[in-house]
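Q: Below, each chain spelled out in residue letters.
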Amino acid sequence: MTQFLQATVNGLLQGGLLALVAVGFSLVWGVMNIVNLAHGAFVLIGSYIAWKLQTGADIAPLLGMVVAAAALFAGGYVIQRYLINLVVNAPIWMTLLLTFGLSLVLVNGLVLLFTGDFRSIHTSYGSDSLAIGDIRIPYGRLIAFVLAVGFTLALVWFMDRTRLGLAIKATGMDRGAARLMGVTVRRVYGLTFAIAAGLAGAAGAIYGTVDTFSPANAGIFTLQSFVIAVLGGLGNMWGALAGGLLLGVVQAWSGQYLGGTLINAVAFAVLVTVLVIRPAGLLGKPYYEARVEV
Amino acid sequence: MSTLTDPTRPAFTRPRAGYGPHGARVNREEALMRDVRPVGVWLGLACTVAVLVGGCGKGEGNAGGGGGSSTQGGTLKVGAALSLTGSLAKEGRLTKLGYQFCQDKVNGGDGVQAGDKTYKLAITYKDDKSEPDTAAQLVDQFNDSGNKLILGPYGSPSTEAASAVIERNGQVMVDSSGADNAIFDKGYRNTFAVLSPATSYLAAIVDAISENASPKPKTVAIISADDGFSKTAAKGGADEAKNQGMQVVAMEEVPEHTTNVSSALTKIRPKKPDLVLVSAHVEEGIAAVKQSKELGVNPKGFGETVAPPTPDFAKALGKNAEGVVGSTQWTADSKGQDKVFGTAKEYAEGFKQRFGETAEYHSAEAAAACLALVMGVEKAGSTDPAKVRDAIAGLDTESFFGPIKFDDTGKNADKPMSAIQIQNGEPVTIYPSDQAQAKLQWPAG
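Those sequence lines, one after another, are chains Y and W.
With this note's numbering applied, the first sequence corresponds to residues 241 to 534, in that order.
With this note's numbering applied, the second sequence corresponds to residues 806 to 1250, in that order.
The set of hints was computed from the structure by calculation and includes no laboratory data.
You may find that some hints are simply not true.
Result set (DSS-like, lysine-lysine): computed pairs, CA atoms no more than 27 Å apart in a straight line [what the hints assert, rightly or not]:
hint, chain 1, residue 1, chain 2, residue 2
1, W, K1124, Y, K292
2, W, K925, W, K1021
3, W, K1036, W, K1210
4, W, K1098, Y, K292
5, W, K1105, W, K1244
6, W, K1210, W, K991
7, W, K1023, W, K1040
8, W, K1144, W, K1120
9, W, K1192, W, K1150
10, Y, K292, W, K1210
11, W, K1157, Y, K292
12, W, K925, W, K1120
Residues of chain W clear of chain Y, computed beta-carbon distances all greater than 12 Å [to be verified]:
hint, residue
13, N948
14, R994
15, E1061
16, K1072
17, K1098
18, T1115
Taking CB as the label site, the calculated pair distances span [unchecked claim]:
hint, chain 1, residue 1, chain 2, residue 2, range
19, Y, G373, W, K1021, 28 to 38 Å
20, Y, L404, W, P1248, 49 to 59 Å
21, W, G913, Y, G296, 35 to 45 Å
22, Y, F354, W, D909, 18 to 28 Å
23, Y, G296, W, S1238, 38 to 48 Å
24, W, D915, Y, W333, 53 to 63 Å
25, Y, G296, W, D1201, 27 to 37 Å
26, Y, A310, W, G913, 43 to 53 Å
27, Y, G373, W, N1048, 52 to 62 Å
For each residue, glycine too, the CB sits at the ideal point set by N, CA and C.
Use the sequences and the hints to build the structure in full.
A: Set out below in structure tokens:
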């Protein structure tokens, strides 16, 4: 029983981290219908910013996270405005090609700047954990989990309770109608992409405090985000959190009871099963599949 | 102006009556959003930049081709497919430094003396992106351009893929980092490895701890990545632990290149092993130590195959790296010397001077592979690949890397492994005893 509980805790904490990485990806896909293959690179840039601030200027990782998020927010707006916007109406393969190319540039830029070395952001609580009986809850992962839930709550509030958030949602539902209602679609898209990039930057900084990273992680982050977005479903800000937690727990349980090699096979089997039963994902809304874009 | 439209979507940008593309009444936002503008130009630019940046590691040195590993222009052309980008970029770079250092030393000395001719060594690098299939294709490309002499890619999967192509093409490859015994079980004749085989990695750690630890550990748990090299090394470690009278209480696998090994550690924790051995790469190795602390897995000591000797390990883990034992193909205290690099210490000093980095074993094994190839050409007195192959097979010599003598399968089976322990943030040699700089600290950490 202890092992089951420990595995579940491990899975939930890992799931929170995965959700934090994926939430921006899911947002851009849901609102802009763009599968951003450069998302993993944005996460990594966040990690490197926080790492550089800590090693170079002794700035605490949580503060580094704010700086990383702000830098990626600004960078994301510029990238959307002057790059992604060029293909926002183009067929899906064109957006895939552009974001893939962007990812290549960014990742190889990181290799040139920082080499392929593995890095980690040290924290005073990095290897400590909260012991409840025989169950251990690592502080670093707990903080990541709390932040993931916090960011998701903040995003839900923003999307449901602010005019800007409602404009973003409206644009995601029906771009033409949103424009007729006076929504400035260009700015909404820029802001959406900027928020997603900012969340990616924050996720990268937090990820760096609990795990190691190198430029090679970009592809893994993007793939995980893709799986979580599909699993959780588009059009609902809770989707990424639900998908991340499910993926984390499934991986932990399969590692515990079926063996480490089968972790990814089981995770993808669950993904397929969910899609068979609920094609729009756990919390996704079907109209996002069939939305009209005029 | 070019436009791209998706026929499956309603045309959001379709001009309406009175709102032509250049009409005065076109809304500014609509104008910005409506068309894709010169997408081809922008994408072409982006892709060009991507290729340029991504390919920065390619094509260094003399371009291969032409007259093969021949005498053209007095150069001995050698090809190397390396992981300059991708998940193994770190190790690929270290391997490249070793090859470069060898080229510098050979060309700065007497060159390559083959018969009555002297050649300059010219190594051409291509980026395999850390993908075994690509490594094999690049080796084939080297053959197409006449390069018959090859230095190995990084890692067992790429080396295994390349060795099949080498055999088919009649090329000759000296392998610098493919240690999986499976590479040498296929009956290939043209692949030679200067490094000790995979089964030695954990076995050397078990021997080092068994010989020096007091009290000697009684129980061992082993975590292995699920790739061929790591599984072979784990099996070698388990066999040696049993030989040394230890009980193997758990053997767990984790996915290759994962940074989450919590499931394996959760399963190991109730068994309270005295020693945890990890057969994996750098990222899994770092995660195993870090997450052990988080999850309260506290053995008397940790032993890991390839991670601890790399500088990243101690940097990424900080004080948590203290006391971790690692195995290494080479240290600056290794025995032996040769005419190109001198002793291991001289190699380390020269390397530091050349690159400003502390010499470690990935680079050393690469330099040793290059040295074996050069020695083979010199012994053959020719650059003919068949003659070079026979000459390499017959090598029996000392080097800064230790003995170089290949068995019938191409393994350098008699070369001993060393063991290091992280002490005060630095890897120090603790085994074998005649090379040890310090004693094993036990319990470690």
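Q: All the hints need checking, so say for each whether the structure fits it.
A: Outcome of the hint check:
no.	hint	verdict
1	W:K1124 to Y:K292	holds, 20 Å
2	W:K925 to W:K1021	violated, 52 Å
3	W:K1036 to W:K1210	holds, 26 Å
4	W:K1098 to Y:K292	holds, 25 Å
5	W:K1105 to W:K1244	holds, 16 Å
6	W:K1210 to W:K991	holds, 19 Å
7	W:K1023 to W:K1040	holds, 18 Å
8	W:K1144 to W:K1120	violated, 35 Å
9	W:K1192 to W:K1150	violated, 33 Å
10	Y:K292 to W:K1210	violated, 46 Å
11	W:K1157 to Y:K292	holds, 25 Å
12	W:K925 to W:K1120	violated, 38 Å
13	N948	holds, 28 Å
14	R994	holds, 33 Å
15	E1061	violated, 9 Å
16	K1072	violated, 7 Å
17	K1098	violated, 4 Å
18	T1115	violated, 8 Å
19	Y:G373 to W:K1021: 28 to 38 Å	holds, 32 Å
20	Y:L404 to W:P1248: 49 to 59 Å	holds, 58 Å
21	W:G913 to Y:G296: 35 to 45 Å	holds, 37 Å
22	Y:F354 to W:D909: 18 to 28 Å	holds, 25 Å
23	Y:G296 to W:S1238: 38 to 48 Å	holds, 42 Å
24	W:D915 to Y:W333: 53 to 63 Å	holds, 56 Å
25	Y:G296 to W:D1201: 27 to 37 Å	violated, 51 Å
26	Y:A310 to W:G913: 43 to 53 Å	holds, 50 Å
27	Y:G373 to W:N1048: 52 to 62 Å	violated, 39 Å
Of the numbered hints stated above, those contradicted by the structure are hints 2, 8, 9, 10, 12, 15, 16, 17, 18, 25 and 27, listed in ascending order.
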